[in-house]
Amino acid sequence: MKKYTTIVILLLISIFIMQACEEHTAAPDDSYDFQAPAYFPQLISPTNNPLTKSGVSLGRMLFYDPILSSDSTISCASCHNISSSFAENKKYSVGVAGATGDVNAMAIINLAWQRKFFWNGRAGSLEEQALGPVNNPLEMHETSENVAAKLTHSKIYAPLFKKAFGTATVTPEMIAKAISQFERIIVSNQSTYDKFYEIQERAFTADEYAGFRIFFTERGQCFHCHGANGTLLAHNLDTIFRNNGLLTDQEMIGKGLSFVTKKTTDDGKFKVPTLRNIALTGPYMHDGRFENLMQVMDFYSSGIKQNRNLDINFTKSPERLEQYGGLGLTTVEKQQLIAFLNTLTDTSFTHNPAYQNPFKK
Amino acid sequence: MKVQLFLVFLFFSLAGCTWGNQNTNGTLQVNFQHTFQNSTLVISENNQLIYTTATGNKFNIKTLKYYISKLTLYQSNGVKYDVNMVKLINPMEANVNYQNYTLSNIPEGKYTKISFQFGVDSARNIFPFGLPNNSENNSMEWPYTLGGGYHFMMMEGVFQNSSNDTVGYAIHLGKTPNQIYNEYPLDLNVNGNDQSITFQANIDQWFNGINQINLNDGYGYMMEDQQKQLLFKQNGVGVFTLK
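Going line by line, the protein sequences match chains A and B.
Numbering of the first sequence is given in numbering that gives the first Met the number 0, commencing with residue 0 and proceeding in unit increments.
Numbering of the second sequence is given in numbering that gives the first Met the number 0, commencing with residue 0 and proceeding in unit increments.
Treat the hints with caution; some may be incorrect.
[As the list claims (entries may be wrong)] Computed list of lysine-lysine pairs in DSS-like fashion (alpha-carbon distance at most 25 Å, straight line):
no.: 1; chain 1: B; residue 1: Lys-61; chain 2: A; residue 2: Lys-261
no.: 2; chain 1: B; residue 1: Lys-112; chain 2: B; residue 2: Lys-79
no.: 3; chain 1: A; residue 1: Lys-333; chain 2: A; residue 2: Lys-90
no.: 4; chain 1: A; residue 1: Lys-90; chain 2: A; residue 2: Lys-304
no.: 5; chain 1: A; residue 1: Lys-262; chain 2: B; residue 2: Lys-61
no.: 6; chain 1: A; residue 1: Lys-262; chain 2: B; residue 2: Lys-57
no.: 7; chain 1: A; residue 1: Lys-304; chain 2: A; residue 2: Lys-262
no.: 8; chain 1: A; residue 1: Lys-270; chain 2: B; residue 2: Lys-61
no.: 9; chain 1: A; residue 1: Lys-254; chain 2: A; residue 2: Lys-270
no.: 10; chain 1: A; residue 1: Lys-254; chain 2: A; residue 2: Lys-304
no.: 11; chain 1: B; residue 1: Lys-232; chain 2: A; residue 2: Lys-304
no.: 12; chain 1: B; residue 1: Lys-112; chain 2: B; residue 2: Lys-69
no.: 13; chain 1: A; residue 1: Lys-333; chain 2: A; residue 2: Lys-89
no.: 14; chain 1: B; residue 1: Lys-242; chain 2: B; residue 2: Lys-232
no.: 15; chain 1: A; residue 1: Lys-254; chain 2: B; residue 2: Lys-61
no.: 16; chain 1: A; residue 1: Lys-115; chain 2: B; residue 2: Lys-61
Just so you know, these hints were derived from the structure itself, not from any lab.
Just so you know, these numbers come straight off a predicted model, no measurement behind them.
When you get a sec, could you build the whole thing from the sequences and use the hints?
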């Protein structure tokens, strides 16, 4: 009997607490219904930043709003363009006052499943990543504190922050959380390749299937780095940074993962990028050195630099490296690989109204 | 006040299930320790060749992970304790939880034999997602194009080849016929207690069993080469010993 009384009392207390908190937390029906296909890996989302409708919609506005830059000229979307799958068709991006960086802008696709961000992995979460561009003098050249103040004084944003986070006094942390929520819902899963899960090889033309086979066998080795059949998401922590032989021993010193770990054994290891929508995201590689996919195929075929950290998936065939400088692909094999890569294009993604500029009427 | 009430609540709910019910089931933590020629295995990051195989290949190990499945305990009267488990053993991780598996709720009794299988069990070694679709298992996927399922083992590193160059090798085993069944006599009394046993994985044995492996014979492209995989399946029988 006593047990039940206790339960009732406890329930009453929790209802009371919930009531008291109502003001500070988003309403229950505000939770965002995030759906991904069953063949996607299990999602591990941060408990301190759950998806809410108001958070996602606020994040989308911030993503497209140049208010985040010092002179109100640059938004995230200036360099992450939806029609390029949120990458940019420029070798190097141009920031505030014409400043240019020295790396190629990355696509924003299926990042909810990833744990390290930027080519060298220097951000450990999307929340941590989001304010990087704001504070980067070569990008938005702002300070996050300043943006927070601008947003607090904005008649449009203050109430939206209040709705999403319970207070209208905007902090950099809240900005980062909202943007990350928007980024997490950006998912590509409607490409031709996705049909493979339903109908297997019937999803492909003969050429596409031939390319698929090269990709997913030791002829191409691609799958060993570019992810499991599952989703072609660049996957887990221990395989995510690889050295694919773009740089020489000299060139790679301090570049890539070693920038973060300071280990020479990590020199020249870069984040394995997703290949989803790859046909839309050129130029390619961290430094945008290749203009098209044929140049990328030529590189894997005969342009690999034999640096000291070159991945085992290439050094394990010294004969081919010696003879061809790479995998020694034939012209037909290169075309087949490209045909397969093209099956990863998802136009419903680039036309998804939920990802588009909310300020455009 | 809230805290006190909560404690009262906890006490009652817990008391309900423990009183008058002496638990005689036990747990067994099964550890995997990795050695090379009897010293603790060192996983390399750089290209220093710290080991030598029986055939004289100077080499190192940069990647090692493998699945075990079907850990089973047997009593002499034929009673079996089988939880149908599978576990990725990953000696590259510092956290020992990647190198052990705990059997829990083992019924009281005297167990005289233990067995396990190297590799993923047949029912789960399928495409797609015989195992939970998480990043750990995804990184072990054996592509559909090669028959599907999972890599049973990835062992990779570099060695000095016959032209004195330091080059890579990649021993990748997979496919259901390449599972390796292991069994060992055991003397385990279960009566409500927590115990542990340790298997020593003698990694040098992969190269030095019935078959003497010479890395110069081409161990880079073996996923489609059943002959090469068979050599390791046969050597694998001597890899695990019960300490």
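Do the hints match the structure? See the list:
1. For the suggested pair B:Lys-61 and A:Lys-261, the alpha carbons sit about 19 Å apart, so the restraint of at most 25 Å is met.
2. Straight-line distance between C-alpha atoms of B:Lys-112 and B:Lys-79 comes to about 9 Å, which keeps the hinted pair within the 25 Å bound.
3. Under the criterion of a C-alpha separation no larger than 25 Å, the hint pairing A:Lys-333 with A:Lys-90 is consistent with the structure, at around 23 Å.
4. This hinted pair checks out: A:Lys-90 and A:Lys-304 have alpha carbons roughly 21 Å apart, not beyond 25 Å.
5. A C-alpha spacing of about 15 Å is found between A:Lys-262 and B:Lys-61, which places the hinted pair at or below 25 Å, so the restraint holds.
6. For the suggested pair A:Lys-262 and B:Lys-57, the alpha carbons sit about 24 Å apart, so the restraint of at most 25 Å is met.
7. The suggested pairing of A:Lys-304 with A:Lys-262 holds, with an alpha-carbon distance near 20 Å, which does not exceed 25 Å.
8. The straight-line distance between the Cα atoms of A:Lys-270 and B:Lys-61 is roughly 19 Å, inside the 25 Å bound, and the hint therefore holds.
9. With a C-alpha separation of about 12 Å, the suggested pairing of A:Lys-254 with A:Lys-270 holds against the 25 Å cut-off.
10. Restraint check for A:Lys-254 and A:Lys-304: satisfied, since their Cα atoms lie roughly 15 Å apart, inside the 25 Å limit.
11. With a C-alpha separation of about 35 Å, the suggested pairing of B:Lys-232 with A:Lys-304 is violated against the 25 Å cut-off.
12. Using a Cα cut-off of 25 Å, the hinted pair B:Lys-112 and B:Lys-69 holds, with the two alpha carbons roughly 13 Å apart.
13. Pair hint A:Lys-333 plus A:Lys-89 holds up; C-alpha atoms about 24 Å apart against a cutoff of 25 Å.
14. At roughly 22 Å between alpha-carbon atoms, B:Lys-242 and B:Lys-232 fall within 25 Å of each other, so this suggested pair holds.
15. Pair hint A:Lys-254 plus B:Lys-61 holds up; C-alpha atoms about 21 Å apart against a cutoff of 25 Å.
16. For the hint linking A:Lys-115 to B:Lys-61, the alpha-carbon distance of about 22 Å falls within 25 Å, and the restraint holds.
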